[in-house]
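Protein chains: 2
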Amino acid sequence: MGHTWLGLMARTPRNTLSADLIVRTALELMEAKGTDAFSLRGVAGELGVGPMALYTYFRNKDDLYDAVRDHLMGLLPAVPSDAPWPDQVRAVCRSLRLLMLQHPCLAQLLAGRPLSGHETARVAEGLLGVLRAAGFDAETAARTHTTLFTYVLGSTSWEIQMAAERRDPEAWRRLRTSMESLSARDFPSVVELAPELARTTGGDEQFDYGLDLLLAGLQLRTPS
Amino acid sequence: MGHTWLGLMARTPRNTLSADLIVRTALELMEAKGTDAFSLRGVAGELGVGPMALYTYFRNKDDLYDAVRDHLMGLLPAVPSDAPWPDQVRAVCRSLRLLMLQHPCLAQLLAGRPLSGHETARVAEGLLGVLRAAGFDAETAARTHTTLFTYVLGSTSWEIQMAAERRDPEAWRRLRTSMESLSARDFPSVVELAPELARTTGGDEQFDYGLDLLLAGLQLRTPS
DNA sequence: ACCTGAACACCGTTCAAGT
DNA sequence: ACCTGAACACCGTTCAAGT
Numbered sequence: 001m002g003h004t005w006l007g008l009m010a011r012t013p014r015n016t017l018s019a020d021l022i023v024r025t026a027l028e029l030m031e032a033k034g035t036d037a038f039s040l041r042g043v044a045g046e047l048g049v050g051p052m053a054l055y056t057y058f059r060n061k062d063d064l065y066d067a068v069r070d071h072l073m074g075l076l077p078a079v080p081s082d083a084p085w086p087d088q089v090r091a092v093c094r095s096l097r098l099l100m101l102q103h104p105c106l107a108q109l110l111a112g113r114p115l116s117g118h119e120t121a122r123v124a125e126g127l128l129g130v131l132r133a134a135g136f137d138a139e140t141a142a143r144t145h146t147t148l149f150t151y152v153l154g155s156t157s158w159e160i161q162m163a164a165e166r167r168d169p170e171a172w173r174r175l176r177t178s179m180e181s182l183s184a185r186d187f188p189s190v191v192e193l194a195p196e197l198a199r200t201t202g203g204d205e206q207f208d209y210g211l212d213l214l215l216a217g218l219q220l221r222t223p224s
Numbered sequence: 001m002g003h004t005w006l007g008l009m010a011r012t013p014r015n016t017l018s019a020d021l022i023v024r025t026a027l028e029l030m031e032a033k034g035t036d037a038f039s040l041r042g043v044a045g046e047l048g049v050g051p052m053a054l055y056t057y058f059r060n061k062d063d064l065y066d067a068v069r070d071h072l073m074g075l076l077p078a079v080p081s082d083a084p085w086p087d088q089v090r091a092v093c094r095s096l097r098l099l100m101l102q103h104p105c106l107a108q109l110l111a112g113r114p115l116s117g118h119e120t121a122r123v124a125e126g127l128l129g130v131l132r133a134a135g136f137d138a139e140t141a142a143r144t145h146t147t148l149f150t151y152v153l154g155s156t157s158w159e160i161q162m163a164a165e166r167r168d169p170e171a172w173r174r175l176r177t178s179m180e181s182l183s184a185r186d187f188p189s190v191v192e193l194a195p196e197l198a199r200t201t202g203g204d205e206q207f208d209y210g211l212d213l214l215l216a217g218l219q220l221r222t223p224s
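These protein sequence lines are chains D and V, in that order.
Take the first sequence: its position 92, counted from the start at 1, is 92 in the UniProt record's numbering, and no numbers get skipped.
Take the second sequence: its position 164, counted from the start at 1, is 164 in the UniProt record's numbering, and no numbers get skipped.
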């Protein structure tokens, strides 16, 4: 299996496999075929090895998921150092959102697994450092970090989900008809605001709107 | 298959199946074994029918997911009518969070599928109605609705995820050691705030903290 | 250590058929 | 309409074995 004429191997020769190569191949497949269609067997097939070859480098599928997530988190830019703290916070949140939009699988990788790994800690470090330098106490800094992180995660996951749905014509048609079937008597606000709701399911403006609400609330508690 | 002595059927006799019975059985299984372990074959087995029997009532697995989600959303209480609008908004967000905590599968059902169905529209209607009655314009009401919804979804999903991880001793141990292995030189804030971060990964206080930030920011934009 | 190959216990879904 | 049974094309993971 895997031999062609002249004895060329269709599979990768021995000792060319590595954790990094597997992670990059897994990421490619997730972005090409979607996170749900991703499988260990698919990665192994792409690399020309048996499924069990991957278990030399990763304990199981979740372990590979964590490695891909950490690989992506490593791509996050550093926090800008020369700016007022609200702008620094904005920059961190925006760059995390942008990374999620560029790599939609990251949303599922962050939501479905607990945080661990150095790259992920680096992100927390950046945000916590900004908040501490701004003068917030330990408890407020921690609470604010968790709030901002979950807001970015929730809003961007939703945005990605909706964008994927819009690309599937069948699902999009069913969503439209289900919206249009709502009676204006029972759902007056939903029917009236349907165009606005459709417009606000994603985009930079919508993300910044919620982020600005959080920052405005936070600035009311500014210590200095 | 399914016959016992005396001819008693181990499977449900004909015409006792219904969409509602399937939804309730699916929900039970999701909550007993976890959402990930859920399968159509499992539901069919629990009901004593073949896997294909379910396809009479649901087009596919996603269709059943949507039905379970709508069933759960139907359990949400109505918006309190005699209260200032910030309290009404708080009530809607808190009751959605409570429902998600009581039925952890709801988090995945909301995050993984697009919104559709009357029960889900009912929730949007309640929140939008409150915001419109408070005097916000169409665009602001829609943006605020999406912001609040994604905040509740993100923060509560995260809370549920972390609580599940804490229950798994193996995963919990690995998360502790990965936290403790971080050097105080490279991650000063994370190491210093480790106890606060652990405390703020969930709970009513953490949820209300973020919700109050949003509401404080929103009240700065109050029209009247 | 690194990788194979067969096997186990599963999946969702299609298709043809029975009542 | 309602449900069965066999089959298809998959999964993740274990286990024993080879180099």
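For the record, the hints were derived by calculation from the structure and aren't laboratory data.
There's no promise every hint is true.
As the list claims (entries may be wrong) - Covered stretches of chain V, as calculated for chain D (at least 3 residues, CB under 8 Å): (1) 38 to 48; (2) 117 to 123; (3) 154 to 166; (4) 188 to 200.
To be verified - Straight line, CA to CA, 25 Å or less: simulated BS3-like cross-link-like pairs of lysine-lysine: (5) D:K33 <-> V:K61; (6) D:K61 <-> V:K33; (7) V:K61 <-> V:K33; (8) V:K61 <-> D:K61.
Unchecked claim - Residues from chain V that keep clear of chain D, each with C-beta distances beyond 10 Å, as calculated: (9) A32; (10) T56; (11) Y57; (12) A83; (13) L101; (14) L214.
Cβ coordinates follow ideal geometry from the N, Cα and C atoms, glycine included.
How the hints compare with the structure:
1. Only when three residues or more bring their CB closer than 8 Å to a CB of chain D does the claim for the stretch 38 to 48 of chain V stand; here the count is 0, and the claim is violated.
2. Residues of the stretch 117 to 123 of chain V lying with their CB closer than 8 Å to a CB of chain D number 4, which satisfies the three-residue condition for coverage.
3. Note: the stretch 154 to 166 of chain V has 7 residues with beta-carbon separation from chain D under 8 Å; the three-residue rule is met and the coverage holds.
4. Only residues whose C-beta sits within less than 8 Å of a C-beta in chain D count toward coverage, and the stretch 188 to 200 of chain V has 9 of them, enough to reach three; the restraint holds.
5. The hinted pair formed by D:K33 and V:K61 meets the criterion: a straight-line CA distance of about 20 Å does not exceed 25 Å.
6. Restraint check: the Cα-Cα separation between D:K61 and V:K33 comes to about 20 Å, which is no more than 25 Å; the hinted pair holds.
7. Among the hinted pairs, V:K61 with V:K33 is consistent with the structure: their alpha-carbon atoms are about 17 Å apart, no more than 25 Å.
8. Between V:K61 and D:K61 the alpha-carbon distance is near 23 Å, which keeps this suggested pair within the 25 Å criterion.
9. Even its closest Cβ contact with chain D, about 20 Å, leaves V:A32 beyond 10 Å, as expected for a residue assigned away from the interface.
10. The Cβ of V:T56 lies farther than 10 Å from every Cβ of chain D, with a closest approach of about 20 Å, so its non-interface assignment holds.
11. With a least CB separation of 17 Å from chain D, V:Y57 remains clear of the 10 Å interface cut-off, as annotated.
12. The claim that V:A83 is not at the interface with chain D holds, since no C-beta of that chain comes within 10 Å of its own (minimum 18 Å).
13. Its beta-carbon lying about 15 Å from the closest one in chain D, V:L101 satisfies the requirement of being farther than 10 Å from that chain.
14. Against the 10 Å criterion, V:L214 falls within the reach of chain D, whose nearest CB is about 5 Å from its own CB.
Hint violations for this structure: numbers 1 and 14, all remaining hints satisfied.
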